[in-house]
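Visitor: Using the hints, put the two standalone chains together into the complex.
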Amino acid sequence: MAKIDLYKVWQKDGYTLVTHTDPIFFTDRLVRNQKISRRRESLEIILNVEKIENYLWEVAENSPYLDVVEEDGSLKIAPRKKISPEFEKNLLCAFRDTFFQEENITNQYLLYQDLFLYYGRYRFGGFYGIIHKLFPLVFIMRVVKGYQPMVWQMLIVDPYFLNKTKEKIISWYEEIEEGAEYAFSNITLVQKENLALKVLNNIVRKNKGKEGFNIASKLCGRLGLGFLKDFYWVATQATEDTEWDIYKKPPVPFTLWPERKSE
Amino acid sequence: MNKLRKWLVKRLDKKIDRIIKSSKIDLSMYDSGVIDYSLINQPEINNLREIPYPEFIERVAQIIEENNLPIQIVPVKDFFNPKEDFKTEPLGYKIYTFELGNPSSSNKIVIEGTCHGGERIHSLTCIIIALSLCKEGPLREKILENSHISILPAADPLGWQKKTRAYVNMRGDETRNPVVVNMQHIRNLFGWSDTNAVFGRNLEEAKSARVRAIEKHFLERFGPPTLYNSLHETVMFGSHLFYGNAGVMILIHHYFPEKVRDVIFSLRYALTRGEKLEKALRKFNPLAELKYTEEYLECHPAFEKAKSIRNYIKKLGIRTFEDKFFRVEREFPIPGPKSEITIAESLLMTGPLYVKAGIVLAPDYYEKMSGCVGQTIETFSQSESERIIQGAAFIDGTLRCEVLGEYYE
Numbered sequence: 203m204a205k206i207d208l209y210k211v212w213q214k215d216g217y218t219l220v221t222h223t224d225p226i227f228f229t230d231r232l233v234r235n236q237k238i239s240r241r242r243e244s245l246e247i248i249l250n251v252e253k254i255e256n257y258l259w260e261v262a263e264n265s266p267y268l269d270v271v272e273e274d275g276s277l278k279i280a281p282r283k284k285i286s287p288e289f290e291k292n293l294l295c296a297f298r299d300t301f302f303q304e305e306n307i308t309n310q311y312l313l314y315q316d317l318f319l320y321y322g323r324y325r326f327g328g329f330y331g332i333i334h335k336l337f338p339l340v341f342i343m344r345v346v347k348g349y350q351p352m353v354w355q356m357l358i359v360d361p362y363f364l365n366k367t368k369e370k371i372i373s374w375y376e377e378i379e380e381g382a383e384y385a386f387s388n389i390t391l392v393q394k395e396n397l398a399l400k401v402l403n404n405i406v407r408k409n410k411g412k413e414g415f416n417i418a419s420k421l422c423g424r425l426g427l428g429f430l431k432d433f434y435w436v437a438t439q440a441t442e443d444t445e446w447d448i449y450k451k452p453p454v455p456f457t458l459w460p461e462r463k464s465e
Numbered sequence: 016m017n018k019l020r021k022w023l024v025k026r027l028d029k030k031i032d033r034i035i036k037s038s039k040i041d042l043s044m045y046d047s048g049v050i051d052y053s054l055i056n057q058p059e060i061n062n063l064r065e066i067p068y069p070e071f072i073e074r075v076a077q078i079i080e081e082n083n084l085p086i087q088i089v090p091v092k093d094f095f096n097p098k099e100d101f102k103t104e105p106l107g108y109k110i111y112t113f114e115l116g117n118p119s120s121s122n123k124i125v126i127e128g129t130c131h132g133g134e135r136i137h138s139l140t141c142i143i144i145a146l147s148l149c150k151e152g153p154l155r156e157k158i159l160e161n162s163h164i165s166i167l168p169a170a171d172p173l174g175w176q177k178k179t180r181a182y183v184n185m186r187g188d189e190t191r192n193p194v195v196v197n198m199q200h201i202r203n204l205f206g207w208s209d210t211n212a213v214f215g216r217n218l219e220e221a222k223s224a225r226v227r228a229i230e231k232h233f234l235e236r237f238g239p240p241t242l243y244n245s246l247h248e249t250v251m252f253g254s255h256l257f258y259g260n261a262g263v264m265i266l267i268h269h270y271f272p273e274k275v276r277d278v279i280f281s282l283r284y285a286l287t288r289g290e291k292l293e294k295a296l297r298k299f300n301p302l303a304e305l306k307y308t309e310e311y312l313e314c315h316p317a318f319e320k321a322k323s324i325r326n327y328i329k330k331l332g333i334r335t336f337e338d339k340f341f342r343v344e345r346e347f348p349i350p351g352p353k354s355e356i357t358i359a360e361s362l363l364m365t366g367p368l369y370v371k372a373g374i375v376l377a378p379d380y381y382e383k384m385s386g387c388v389g390q391t392i393e394t395f396s397q398s399e400s401e402r403i404i405q406g407a408a409f410i411d412g413t414l415r416c417e418v419l420g421e422y423y424e
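Those protein sequence lines, which keep their order, are chains A and B. So the number in the working numbering is just where the residue sits in the first sequence, counting from 1, plus 202. So the number in the working numbering is just where the residue sits in the second sequence, counting from 1, plus 15.
With the rest of the complex left out, here is chain B (with noise of 0.2 angstroms):
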């Protein structure tokens, strides 16, 4: 008997094994045909950690004329005196784009690295992209092609320097030294807010001049973007006690009208069983009431797109952000407007905090200049090269979706 329940387990062990391997791919040495996973190692990543801005940007100037790369790399002009390069105020550090593709395609496409300047992680994704996008392949031919594609590794070259966030005031000065209060950032007070808020600031004068030059840069001396995406990383303390290993969160900017919002706030995200049965079982019913946002937006180009993003980055094996997290807030619901809201699984959306008070983020507000696509996505504390892999495969996916047309169900 005993011998017979081992025998089963052993064949039952390989057959499981043969499942997951089939599915799973070993991303250290895998090139997705987009993105070269393979660029990632963690000896580059130690490298990030002690050195200077400068430093790091010579260095990829360095390894692009060594081999001759097809990347320009143009540095953001000053919003005052835009013959001359943007300088930071105290060390004058210059902040750099580099740009890839065919210039004359309608197809303007920005990934921005780190808008905080704590979370330095993924300019070494942005320069892993723009690497591997220069291999040869027939995608990555089509995709430089049809696109235009600019990298902003750094937005905040002296945030990058210090590792904090930069705070504006409504006089336009930036700060890196928030007034901190048992290591919690206080950012409203007497009106410095952060950064990526401040891109979509009312009033022109109140934007600080580091932001009035990267949004001219973009908007007139780039062409203004189709699609923006912007990558980001969870750095305060204490986050790994509740987000640890948590997989990729995407944030959608998409613009609704406000009835449509209202509609959208109203409604549910369908997260036990239960609840995703009884979503099932509504479609056989037509008398039955909206009840779940994936009902009201189903169809929706925004909302199937991101969807398919997602359910790539689920096809190379990495993790998405998973419903146990949303659980808990429902769970344990924190009283007060939500920031952001879920739409469906590791998808969400801005919530009422932003849109009533009209609070307008970076990627919303190059949205509502040029019509773009605006996309952020958060990755939380695990690995560096985990989190790399994550970003990059992200940019992986809108690529194929954005630009090749395709779709993953």
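For reference, chain A alone in the conformation it holds in the complex (with noise of 0.2 angstroms):
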């Protein structure tokens, strides 16, 4: 089962989602994309937060189309009927508004960055160029019998294989991005509650308007939630006491003992 983490954070008047979207987990998105488009699986989301709230519940046992699960202390919400097309079309809007673009973003950049290698290197002035091609002329030149196998492997290029790595390359990212328009089509949620987390938005909800997102910057490296340190040194540039006070405080003398005074 593929999954993806969002987690609901306190900020100043209300919750925001935060995800991992971070440049370095590039590859592992890839990754959950092409398996899913393999093995046809489907996505799970998985909310963290601070406590399962008991609406979920009556909200689940009054509708027709969802139905609460239990599994390993956290409530799952799985469909129990197929939901009206107008309700699926706005979930699928949100997500496609989020992971989709962003998701199809990167596939399409890293595509064009494996492709700007390949296509550099066949092109007039690239590595495999005419100036190149004639460089094991040299050693045709100079007669030198040992080096004749490599040259001639360097002058015959085959064709059928450069096309077939190429192929290879677009349909590796193909495949990647089938998976995920399968993927954002096949969605379950899933509540998840985080003790961390419930500390974090406590210790930024009673310091309001004072060193709040400081704190939570500093403390969620310990807790296990480091991603959230970018998220949160950001939000630092809108509290109201600023750390800049130091400076309101008597400089150090620069002698450590007090200088004489003139009699």
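A few of these clues could be false.
What the hints assert, rightly or not - With the C-beta cut set under 8 angstroms, the calculated list includes, among others, these residues of chain B facing chain A:
1. Leu42
2. Met44
3. Met185
4. Arg216
5. Asn217
6. Leu218
7. Ala221
8. Pro348
9. Gly366
10. Pro367
11. Lys371
To be verified - Here are the simulated SDA-like cross-link-like pairs (lysine to any residue), alpha carbons at most 25 angstroms apart as the crow flies:
12. Lys291/A - Lys353/B
13. Lys371/B - Glu377/A
14. Lys353/B - Ser373/A
15. Lys383/B - Glu383/A
16. Lys210/A - Asn192/B
17. Lys291/A - Asn192/B
18. Lys371/B - Leu339/A
To be verified - Here are some chain B residues the structure puts well away from chain A; computed CB gaps all over 12 angstroms:
19. Asn192
20. Glu220
21. Tyr258
Hints are computed from structural coordinates only; laboratory data are not their basis. The structure displayed is predicted, hence computed values, not measured ones. Even for Gly, the Cβ is constructed at its ideal location relative to N, Cα and C.
Guide: Structural data, given as structure tokens:
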């Protein structure tokens, strides 16, 4: 089962959702999509919250569409009946605006990066251009017999082989794109209680207009949510009490001993 | 011998001068029949630099009142409370549109000035267009009879005031305090994205209130537009180093089906002299495969119209986006999907970056909703009066090609 983690983080006056959308995780996401396209897995979105709220039970009990399942101490909302096309469309739109769009951009970006390396070599001025192709002639003209096999290998480049490598690159990314599209049409949502998140949210909530974000940014690494540091660090710019008050204090004197006054 | 040479040089100079004078028009005193270029003057531009947004609107309203011009000032209504005007959150600024022409006609034209607040110069372009269309003249009368024009001089009043652009959250909150690192705005941090891309968000609730109000105004109150033009300028730090004195760049937002789009992306633009010659020779060879975009898009109505607009701008003696920039791009290609691709000289189309990811810009959105034609232009770092001339010439060309049905080769 493929998974995406979402964290419900308290900001100044409301919750926002934060994910691991970091460039370092590009490759992980590519592999996930590839697996999905091969195994036809459904996507599980895990919503990390401070506290699992009861209203979800009530909503699920009354609704004909959703069913709540408890698994390993976490609540799971699974589809009971096929949801109405309007609701489904709305849900998909929301995900397309966030994940789907971004995933496709990264796929496309990496694809072009790979193809760039490929095309650059076979273009006119490139590595396999006319000048480099003529380079083995130097060996032929010098009549060094030992170099002959390498020379002929360099001169005759198999065009079929080159075509195949290009196609391989493209098909690999096509698979990933297909996986992304399949995943975002088969989603289940899971709610999960996260104590570390609760601590961080409480800190920000209690120290409103004070040093809440600063404390949270220093603490989140130790609580196992280190990726939130970027989020909190940026948010510190919005705090009312600044850190720059330290410069209001009298400065430390250059000399450690008091200067002798003129008598 | 020396005398002869001098005499020859003088004669040649005279001939060259005559040719240049016959083709080039002095735009400082020129009235094309649609737009009066003599309205553009530097002191007025200098005044715009410091004034706040409400004063700018007041001045325009004063001009309209004093001269009894047939321009209606229509404020944009709020999305949630349609009885009241939309007001920005901290300062309570309203968004205004200037309406001209015949409201019952089927040609509904929208001209958007400053989509990004920092690009203020084109709000002046909008005013110049509005004022010059109110002058006397047979062509203007014909245009105003056959079309209904709405001009949006400033889409983002707060950004206009602050000289920055807005970024929108996934919750629909707007900010004009983007996180800045090394003088570059980080756009997609935590889902903040540019306002131009917010118009086409899939989820209605993720759009900001301002964007929704403007959308509703144009689609329902003004009537679904048939032509949407948005004017942009490049004001980013350091852009003059590469794009100094570049001409008008036209971006066509025409809807092509996916198959057609894939074909266009795989083709290339004839850039060098050799390629252009090859392209010309290909016409005589019926067995030749498709290679260039211009071959493929030939006789396509949207493409031909954009081409004729470009030709009109060229005819006035105004610079358009030259091939040399594309040549540099081909020499030093940047790895990554392209946001725009060239299809002809100074004409571009939205590229695989937007298409594959499903990012829809404002003109694309109106095109999707009402089937109109969308165009945006980009003017680059050069003198302000020149940028205004370029924007005005583009609108001049579009009104001629779309409303009057002219064609320029």
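Visitor: Confirm or reject each hint.
Guide: Against the structure, the hints:
1. Leu42: Violated: closest Cβ of chain A sits about 41 angstroms from leucine 42/B, beyond 8 angstroms.
2. Met44: violated (49 angstroms)
3. Met185: holds (6 angstroms)
4. Arg216: Hint on arginine 216/B: holds, closest Cβ of chain A at ~5 angstroms, below 8 angstroms.
5. Asn217: Constraint on asparagine 217/B satisfied, holds at 4 angstroms.
6. Leu218: At 4 angstroms from the nearest chain A Cβ, leucine 218/B passes the 8 angstroms test, so the hint holds.
7. Ala221: The hint holds - alanine 221/B has a Cβ within 8 angstroms of chain A, the shortest such distance being about 5 angstroms.
8. Pro348: Holds. Min distance 6 angstroms.
9. Gly366: With Cβ-Cβ at 10 angstroms, over 8 angstroms, it is violated.
10. Pro367: Interface hint status for proline 367/B: holds (6 angstroms vs cutoff 8 angstroms).
11. Lys371: holds (5 angstroms)
12. Lys291/A - Lys353/B: violated (29 angstroms)
13. Lys371/B - Glu377/A: The hint holds at about 14 angstroms.
14. Lys353/B - Ser373/A: holds (20 angstroms)
15. Lys383/B - Glu383/A: holds (22 angstroms)
16. Lys210/A - Asn192/B: Given that 25 angstroms is the threshold and the Cα spacing comes to 23 angstroms, the pair holds.
17. Lys291/A - Asn192/B: violated (33 angstroms)
18. Lys371/B - Leu339/A: violated (45 angstroms)
19. Asn192: The claim is violated: asparagine 192/B sits with its nearest Cβ about 8 angstroms from chain A, within 12 angstroms.
20. Glu220: violated (8 angstroms)
21. Tyr258: holds (23 angstroms)
Taken one by one, the earlier hints fail for this structure at numbers 1, 2, 9, 12, 17, 18, 19 and 20, listed in ascending order.
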